[in-house]
Each structure stands twice: as C-alpha cells, then as structure tokens.
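Colleague: The whole structure should be built from the sequences, with the hints applied where relevant.
From first to last, the protein sequence lines stand for chains A and B.
With the UniProt record's numbering, the residue at position 143 of the first sequence is 143, and numbering never jumps.
With the UniProt record's numbering, the residue at position 29 of the second sequence is 29, and numbering never jumps.
No lab work stands behind these hints, which were simulated from the structure alone.
Even for Gly, the Cβ is constructed at its ideal location relative to N, Cα and C.
Be careful, since some hints might not be right.
[As the list claims (entries may be wrong)] Per label pair, the in silico range of CB-to-CB distance:
1. B/Pro89 - A/Ala212: 24 to 34 Å
2. B/Arg44 - A/Ala216: 32 to 42 Å
3. A/Gly141 - B/Ser13: 25 to 35 Å
4. A/Ala48 - B/Asp118: 30 to 40 Å
5. B/Glu162 - A/Gly141: 49 to 59 Å
6. A/Gly205 - B/Pro10: 24 to 34 Å
7. B/Gly7 - A/Pro206: 27 to 37 Å
8. B/Thr78 - A/Gly3: 49 to 59 Å
9. A/Thr21 - B/Arg180: 38 to 48 Å
10. A/Thr21 - B/Ala31: 42 to 52 Å
11. B/Ala168 - A/Ala225: 27 to 37 Å
12. A/Ala225 - B/Pro89: 31 to 41 Å
13. A/Ala212 - B/Gly150: 51 to 61 Å
[Unchecked claim] The following residues of chain A were derived to be distant from chain B, with all beta-carbon distances above 10 Å:
14. Arg18
15. Glu22
16. Glu59
17. Gly70
18. Arg83
19. Arg96
20. Thr104
21. Val171
22. Cys173
23. Glu180
24. Gly205
25. Thr241
[Claimed, not checked] Not everything, but these chain B residues come out facing chain A in the computed CB check (under 8 Å):
26. Gly7
27. Ser14
28. Ser16
29. Arg57
30. His58
31. Gly84
32. Ala123
33. Arg126
34. Arg219
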Amino acid sequence: MGGWRVVPVSVTGPEHLRQGTENQDAFAHLRLGDLTVLAVADGAGSAARSATGARLAVEAACDAASLLDGPDPGRSGRSAGARRYAGRVLGLFDRRLDRLIDETGGERGDYATTLLAVVARPPAYVFLAVGDSFLVVEHRGAGPHLLVPPDNGASRGSTVFLTSAGRDAAVRCGLIEDPEITGLALCSDGVLDAVLAAGRDAGGGPSLLAPADFTAYLHMFADRAARPAALSDRLQSPDFTASSGDDKTMVLAVRA
Amino acid sequence: MTTPAVGFPPVQSSKSRLLVTLVVDTSSSMARDDAIGQLNTALRTWREDLHADNHLRHITEIAVVTFGAGGVRVVDPTGHERAGEPYAPITRFQPPTLRAGGYSPMVKGIKDGLRIMDERRQALAREGVQMAYTPLVFLLTDGAPSDDQGKPCDLWRSLAPELRRQEAEQGLMFFAFGVRGADAKVLEALAPDKHYQAEGTDFASVLGAVRQSIDRVVRSTEGVRTDEMASRLKKRRSAMDWITDHARGEA
Numbered sequence: 001m002g003g004w005r006v007v008p009v010s011v012t013g014p015e016h017l018r019q020g021t022e023n024q025d026a027f028a029h030l031r032l033g034d035l036t037v038l039a040v041a042d043g044a045g046s047a048a049r050s051a052t053g054a055r056l057a058v059e060a061a062c063d064a065a066s067l068l069d070g071p072d073p074g075r076s077g078r079s080a081g082a083r084r085y086a087g088r089v090l091g092l093f094d095r096r097l098d099r100l101i102d103e104t105g106g107e108r109g110d111y112a113t114t115l116l117a118v119v120a121r122p123p124a125y126v127f128l129a130v131g132d133s134f135l136v137v138e139h140r141g142a143g144p145h146l147l148v149p150p151d152n153g154a155s156r157g158s159t160v161f162l163t164s165a166g167r168d169a170a171v172r173c174g175l176i177e178d179p180e181i182t183g184l185a186l187c188s189d190g191v192l193d194a195v196l197a198a199g200r201d202a203g204g205g206p207s208l209l210a211p212a213d214f215t216a217y218l219h220m221f222a223d224r225a226a227r228p229a230a231l232s233d234r235l236q237s238p239d240f241t242a243s244s245g246d247d248k249t250m251v252l253a254v255r256a
Numbered sequence: 001m002t003t004p005a006v007g008f009p010p011v012q013s014s015k016s017r018l019l020v021t022l023v024v025d026t027s028s029s030m031a032r033d034d035a036i037g038q039l040n041t042a043l044r045t046w047r048e049d050l051h052a053d054n055h056l057r058h059i060t061e062i063a064v065v066t067f068g069a070g071g072v073r074v075v076d077p078t079g080h081e082r083a084g085e086p087y088a089p090i091t092r093f094q095p096p097t098l099r100a101g102g103y104s105p106m107v108k109g110i111k112d113g114l115r116i117m118d119e120r121r122q123a124l125a126r127e128g129v130q131m132a133y134t135p136l137v138f139l140l141t142d143g144a145p146s147d148d149q150g151k152p153c154d155l156w157r158s159l160a161p162e163l164r165r166q167e168a169e170q171g172l173m174f175f176a177f178g179v180r181g182a183d184a185k186v187l188e189a190l191a192p193d194k195h196y197q198a199e200g201t202d203f204a205s206v207l208g209a210v211r212q213s214i215d216r217v218v219r220s221t222e223g224v225r226t227d228e229m230a231s232r233l234k235k236r237r238s239a240m241d242w243i244t245d246h247a248r249g250e251a
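Modeller: Rendered as structure tokens:
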C-alpha cells in the first residue's frame, strides 16, 4: 500500500475458542487514490450476529471513503468532509443492515458492533469512532499518543454500538492535521488491558494513556522484514490471553 | 508486567478487576468434626486452582472476612498476622489458617464484607480501574446467625431485602453456601436463587461451588460489561442451576 505499510492482525479470544464460536472482530484496509482507509470493528459478545455486523461496519467505512477522494478541498472542506464521511458510513451501514434484516431476519441489536475508522491522506487524517475501540498515533519525536480513547459510555456497562438507539449522540469524528504522524494503530478493546496504561488526565482524574513502549509495535513493522505472524503470535501469547478473554485485533500502519 | 516476547513491550498491568469476598464462619461450631480444618485445607486447594487460571490470576482480588473467633475480623489475605489491605491479588493471596471459637455474628460479618468491597471498588475507581465483572460475595457457614452474646438473632430478615437492593443498585452478586448445620431457611432468604448446602462438612465441595460460580460469571459474560450482564443473567439459567450442576458433577 503506497506510503504506508499496513499490518492487520486479528485473533480469536480464548473464550470464543473455548466455546467454539467465531472471531467477532473485523478489520479492513483499502487504498483509494492517495487515501488509505483503515477500519476495525468489534462485534458485541452478547449479540448473535455481531460478527456479521462488524463485517458490515468495516465495509461501510471503506466504501464511504470515495466521498473523500478527489482534489484536496482545503482545510474547511476537509473538516466538513469528516462530518460528511461519518454520515455516509452510518447511512451505508444502516441501509445495508436493514436490507440484511429484511432478507435474513433478526433485529438490529443482533448485529451490535463498534467501529473505528481512519482515512489517511497525510498530513490530514479523518477519524470516526463509535464504541470502545481505540486509536494510537505515533508522532515523530513525541512518541505514541492515545488520540481516540475507548468510549465505554456512561459506565463500562454501557458501550454504545452502531446499532444502539443513542448512537448518533455517541459518534466521535474529526480531522487531525499533523505532518509528523508516522504510525497509526487501530485496536479493538480486547487488547486494551495489555497495551494501554493507567494515567491521569489534565484535571488529575484517572485516564488511559499509550505508554512510551507502545512505539515498539509500530517500529517493529517499519522494518519490512518483520513478519505479521509475529504480532499474531504475540496476541495469542499466554500473557495477552490472560489480560482478556475477548477477541483481539490490531491494525498497524507505518509510513513507508 | 510480564516478560515480553522479543521485540514487543511487556503486557501492561490490569486495568479492570474481579473482586471476590469470602465471608467465613469461624464460630465454635466449626470445631466440630474438624470442619475448620477441612475449610483451611479446601481454601489452600481453592487458591491453587484460581492461581492456575491465567485470566483470573490477572484480574482477581480476594478478601476474607471471618465471624466467630475474635468477633468479626477482616483477615489479612496475604497470610500475615497484621492488619494489611483487605484485598490481595491471587498471586499474593495466602489463605490464613483459621481457628474456630466464639459466637456467630453472621449479619455483621456480611455487612463488613459488603463495606470493604464497596470501599475497594471506590478506591479502584479513583485509580481509573474498573470492574471487569460484577463483584461476588460468598457466605460460607455451618450454622445460624447470633448476636455478639451468642443469642439467636433475626437481623438476617432485614438484611435479605438490603442484599437484593444492593444486587440491583450496586451491581454485586451474593451467594450463601453452607455445610451440615447451616440454617437452610437463612441461606435461602439471604440468596434466594444462589444458595447451596453441602453434605456433612465437605468444604471442598463448597469451595468447588464457589469456583464454579466464579467461572460461570466470567465465562458467561466475557466481553459483556456489568450493566448489560445483569439483564443477560436474568435470561440465563439461575446461579442455583450452576451450583446444582456442580453438586451433581454435571458441570
């Protein structure tokens, strides 16, 4: 993929392996002109068809990116574009889900999934997030930064999904412009405990942060000789699986 | 943090917890047939069993409250004879050797168990650490509640609705497990759908039921957070079914 080396890895969590159920995470990446689209979705463990919902979500994130293809509209245009992209993704997801429900049955909640998507055209990055997946960016000289933290809603028990009634109020989307971003890591919450650290926000309250050594995940794959299988092995290692029984997905993108 | 694979950073420490609180009867009746000895042995086996589970070892903290010898005591879970933190991670949990004596102030023991659990939950929240699963409180007893003077008391009657309220509002699950001699009426009132009584003084079976209950909560709700879990659990088989399965050896 021109300009970026993308390393996507998703492994089935130990609980789903034990139960014989499928991986309910999904990921996708796409090059579209000078755009690079990256997406991760985490199907809700409690929803019967969430793996399908997650797949619909990442496909919508990729398909909607055509909206952003074309001549650079300038900063104000890019900001408006971020909002229009979010609307297009949600609209595509809803229409496709409605059609699927008409054809195969089920209810919206059966397809519950989060979504995190980034459309990269350096130095501009459009992001869209619903739910508890998270985005870490690597900044040249400043290291890793948790740019989009996981959103667990009002409490950890109230994660908002693409299928939730209150979804539109929980959508986070925006535009980042930074020529010094050298890496992106889109992660499902299955890896949260293993890769993020507890810290304090500016007001002294508890918050999550990307520790300095998070950089290693991205630096490793700046070397084209590094095998994606090494990350897969890591996500299935005993200490990672001990951290969470959930499915684990990381989509890493490193400026080539 | 654990040792990293080559090239990757170590896994970060856990930012979510499972709190398990044991409220244990150590009154003088526990000396009969060496029930207290069986309990001590069963606790050590239980600890090893939990320690062997990667996920539970990563997230679980345990506290032990006793009622009987010495009144109501929050025992140092690391096995030291000093007042330490009420909760310890499994890796530091060393079941203390309990001794039997005194009366059975069960209700105060349960209330103290609920209190330390709530304090720990709040302390963790201040550190940004959330509950991975609904906190679990287990009563283990061979008798019936008494007051501080050893007289039977019925304070448990008013405790029962308080437990239901806390289960609904505070997000906890309360289990009442007993061996021979335990007052079945009290167990049922305190935990209508989560009580179990073993034969004889088989504390190994009782601690097995505790482990089974922990397992079922964790396994049945993986990836589902606490608020959502409450509604899911209502749709699932009751905890009593799990315990019955365990007692029958079918689980």
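Colleague: Decide, hint by hint, whether the structure agrees.
Modeller: Going through the hints against the structure:
1. B/Pro89 - A/Ala212: 24 to 34 Å: Once the Cβ atoms are compared, 25 Å apart, the range 24 to 34 Å for alanine 212 of chain A and proline 89 of chain B holds.
2. B/Arg44 - A/Ala216: 32 to 42 Å: With a Cβ separation near 40 Å, arginine 44 of chain B and alanine 216 of chain A satisfy 32 to 42 Å, so the hint holds.
3. A/Gly141 - B/Ser13: 25 to 35 Å: This hint holds: roughly 27 Å between Cβ atoms.
4. A/Ala48 - B/Asp118: 30 to 40 Å: holds (35 Å)
5. B/Glu162 - A/Gly141: 49 to 59 Å: holds (57 Å)
6. A/Gly205 - B/Pro10: 24 to 34 Å: holds (26 Å)
7. B/Gly7 - A/Pro206: 27 to 37 Å: holds (30 Å)
8. B/Thr78 - A/Gly3: 49 to 59 Å: For threonine 78 of chain B and glycine 3 of chain A the Cβ distance comes to about 54 Å; the hint holds.
9. A/Thr21 - B/Arg180: 38 to 48 Å: At 41 Å between Cβs, range holds.
10. A/Thr21 - B/Ala31: 42 to 52 Å: holds (49 Å)
11. B/Ala168 - A/Ala225: 27 to 37 Å: Given about 56 Å between the Cβ atoms, the range is violated.
12. A/Ala225 - B/Pro89: 31 to 41 Å: For proline 89 of chain B against alanine 225 of chain A, whose Cβ atoms are near 39 Å apart, the range 31 to 41 Å holds.
13. A/Ala212 - B/Gly150: 51 to 61 Å: holds (60 Å)
14. Arg18: Contrary to the label, arginine 18 of chain A does not stay out of reach of chain B, its closest Cβ about 8 Å off (not over 10 Å).
15. Glu22: holds (13 Å)
16. Glu59: holds (22 Å)
17. Gly70: It holds; glycine 70 of chain A is separated from chain B by about 39 Å at its closest Cβ, greater than 10 Å.
18. Arg83: holds (29 Å)
19. Arg96: holds (24 Å)
20. Thr104: holds (23 Å)
21. Val171: Per Cβ check, valine 171 of chain A is outside 10 Å of chain B; nearest 20 Å; holds.
22. Cys173: holds (24 Å)
23. Glu180: Given that every Cβ of chain B is farther than 10 Å from that of glutamate 180 of chain A, nearest at about 22 Å, it holds.
24. Gly205: violated (8 Å)
25. Thr241: Label violated. Min Cβ-Cβ 6 Å, cutoff 10 Å.
26. Gly7: It holds, given that the least Cβ distance between glycine 7 of chain B and chain A is near 5 Å, below 8 Å.
27. Ser14: Since the shortest Cβ distance to chain A is 6 Å, the answer is holds.
28. Ser16: With Cβ-Cβ at 6 Å, under 8 Å, it holds.
29. Arg57: Result: holds, 7 Å to nearest chain A Cβ.
30. His58: holds (4 Å)
31. Gly84: violated (22 Å)
32. Ala123: Violated, because the Cβ-Cβ distance from alanine 123 of chain B to chain A comes to roughly 11 Å (cut-off 8 Å).
33. Arg126: OK, holds: arginine 126 of chain B within 8 Å of chain A, min 7 Å.
34. Arg219: holds (7 Å)
Comparing the model with each numbered hint stated earlier shows that hints 11, 14, 24, 25, 31 and 32 do not hold.
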